[in-house]
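Q: For reference, the chains in residue letters:
Protein chains: 2
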Amino acid sequence: MKIVASVSSLSEAEQASSLPSVDVIELRLDLFDTFPSVEFVKELTKAKILTIRKVEDGGQFIGNDEERLEIYGRYAEACQYADVETGSYDAFFDLPCTIIESYHNFSETPSYNFLADLIDSSQGDIFKIAVMGRSKKDVVTICRILSEYESVVAFLMGREFSYTRILAVLMGAPFIYCHTGSAVVSGQIHVKTADKILRLLGVR
Amino acid sequence: MKIVASVSSLSEAEQASSLPSVDVIELRLDLFDTFPSVEFVKELTKAKILTIRKVEDGGQFIGNDEERLEIYGRYAEACQYADVETGSYDAFFDLPCTIIESYHNFSETPSYNFLADLIDSSQGDIFKIAVMGRSKKDVVTICRILSEYESVVAFLMGREFSYTRILAVLMGAPFIYCHTGSAVVSGQIHVKTADKILRLLGVR
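Protein chains in written order, with this note's numbering: chain A, 18 to 221; chain B, 18 to 221.
Keep in mind that the hints were calculated from the coordinates and are not lab data.
Hints may contain errors.
Said to hold, decoys possible - The list that follows gives simulated cross-link-like pairs (lysine to aspartate or glutamate, EDC-like), each with its CA atoms no further than 20 Å apart: (1) 59/A with 47/A; (2) 153/A with 84/B; (3) 154/A with 167/B; (4) 154/B with 40/A; (5) 59/B with 107/B; (6) 153/A with 125/A; (7) 153/B with 47/A; (8) 154/B with 167/A; (9) 153/A with 167/B; (10) 213/A with 29/B; (11) 213/A with 40/A; (12) 71/B with 87/B; (13) 153/A with 177/A; (14) 154/A with 165/B; (15) 153/B with 155/A; (16) 19/A with 177/B; (17) 154/B with 137/A; (18) 153/B with 165/A; (19) 153/A with 155/B; (20) 154/B with 125/A; (21) 154/A with 155/B; (22) 63/A with 31/A; (23) 63/A with 84/A; (24) 71/B with 84/B; (25) 154/A with 137/B; (26) 213/B with 177/A; (27) 71/B with 107/B; (28) 19/B with 177/A; (29) 63/B with 94/B.
Claimed, not checked - To give an idea of the interface, some chain A residues facing chain B are shown, with a C-beta separation under 8 Å as derived from the structure: (30) 161; (31) 188; (32) 217.
Since we're looking at a predicted model, the values are computed, not measured.
Note that CB positions come from ideal geometry on N, CA and C, so glycine has one too.
Make a model of the complete structure from these sequences and hints.
A: Quick look at the structure:
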């Protein structure tokens, strides 16, 4: 599994690039005050995930889809992965990157069948599910998804469900999304904490 | 949750008694070369679980049930908990301790319904399920049990499923069974490792 550092500024990106515990940097460009140059992105010494999240998906990008696609296109050559929300129109899935199709739900964890249907109709290469945890039943739902599907990252948001992020990689998820300073989402853990826990469990 | 050190000798018991990360000592009397005195057990500065496991349940006690019950009775006053295998006859459940009714399966993980039936017909106070993990589906089974029942410790044995021991306490299991030197069961982790992981996850 790979430890992903989600970063929201140039300085965080540079810092993440120098951390041994970080395997991949997710550039949350919607959270950047100023966009980096393509050269800057290329020079970061890790694999990169390109993410430009809209407000309705929990991000801060306020332009339209054409503008968003244009920005994705600009950075695509410098990034191995692009995160594209499920339901995005086809052009997003044609970006020359490994596509992480993502589903976010900040209010609840939908049913197993709802989530399984999303994965079954996926156009991406990897599917990411980040949903709000409310009860232990939600842990079971995520656990079932991780048991049934490969190439899926699935975890519960919420402080008390932080451990489902660890559970996911232990059950085969390719990535664990972490922070390098302060959590941008409830329950996100520090890259160094994730690295320590996974080493203590003997899987890294 | 409480970190339990399973010990198999007098020296391990004394060592566990002095470790800050240990909350409870499980005295696996069936693995002791010589039985400790009741005074020795009383002087251990932690809560104690009294366990005398028969060969057919994965232990090394070779006497009959009458002898076993006599030994349980001898130490019961010095121990807060007694581990009694499910299906033991009633007198074992009358010991003056909190009863941990346990089910072990060293070959597979039975179905959810089989395990749920065991818990539903339990005579003990806490139910412990330790079953061999073979696939991710077994993780889902354990996760469902932990979601549906309180006062249940449930985890998968096997090196690659060590993390289910951590998952269990994060989902509300009262105990995590650990070792203080070398694992007596595949996948068991060190008390200090469990303590570190749980602290890193912010739950201890």
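Q: Determine for every hint whether it applies to the structure shown.
A: To see whether the hints hold, each was checked on the structure:
1. 59/A with 47/A: holds (18 Å)
2. 153/A with 84/B: violated (42 Å)
3. 154/A with 167/B: Holds - the C-alpha atoms of residue 167/B and residue 154/A are around 13 Å apart, at most 20 Å.
4. 154/B with 40/A: violated (29 Å)
5. 59/B with 107/B: Outside the cut-off at roughly 26 Å; violated.
6. 153/A with 125/A: Measuring from Cα to Cα gives roughly 12 Å; hence the hint holds.
7. 153/B with 47/A: violated (36 Å)
8. 154/B with 167/A: holds (13 Å)
9. 153/A with 167/B: holds (11 Å)
10. 213/A with 29/B: violated (27 Å)
11. 213/A with 40/A: holds (14 Å)
12. 71/B with 87/B: Given that 20 Å is the threshold and the Cα spacing comes to 14 Å, the pair holds.
13. 153/A with 177/A: holds (10 Å)
14. 154/A with 165/B: Holds - the C-alpha atoms of residue 165/B and residue 154/A are around 8 Å apart, at most 20 Å.
15. 153/B with 155/A: holds (17 Å)
16. 19/A with 177/B: holds (18 Å)
17. 154/B with 137/A: Holds, at roughly 19 Å.
18. 153/B with 165/A: holds (8 Å)
19. 153/A with 155/B: holds (17 Å)
20. 154/B with 125/A: At roughly 24 Å apart (the allowed maximum being 20 Å), residue 125/A and residue 154/B break the hint.
21. 154/A with 155/B: At roughly 16 Å apart (the allowed maximum being 20 Å), residue 155/B and residue 154/A satisfy the hint.
22. 63/A with 31/A: OK: residue 63/A and residue 31/A at ~10 Å, within 20 Å.
23. 63/A with 84/A: Since the Cα atoms of residue 63/A and residue 84/A sit roughly 26 Å apart, the hinted pair is violated (cutoff 20 Å).
24. 71/B with 84/B: Status holds; Cα separation ~11 Å.
25. 154/A with 137/B: Between residue 154/A and residue 137/B the Cα gap is close to 19 Å, so the pair holds against 20 Å.
26. 213/B with 177/A: Cα-Cα ~17 Å, so holds.
27. 71/B with 107/B: Judged against 20 Å, a Cα distance of about 17 Å means the pair holds.
28. 19/B with 177/A: holds (18 Å)
29. 63/B with 94/B: holds (14 Å)
30. 161: Holds. Min distance 5 Å.
31. 188: holds (6 Å)
32. 217: holds (5 Å)
In terms of the numbered hints stated before, the structure departs from hints 2, 4, 5, 7, 10, 20 and 23, listed from lowest to highest.
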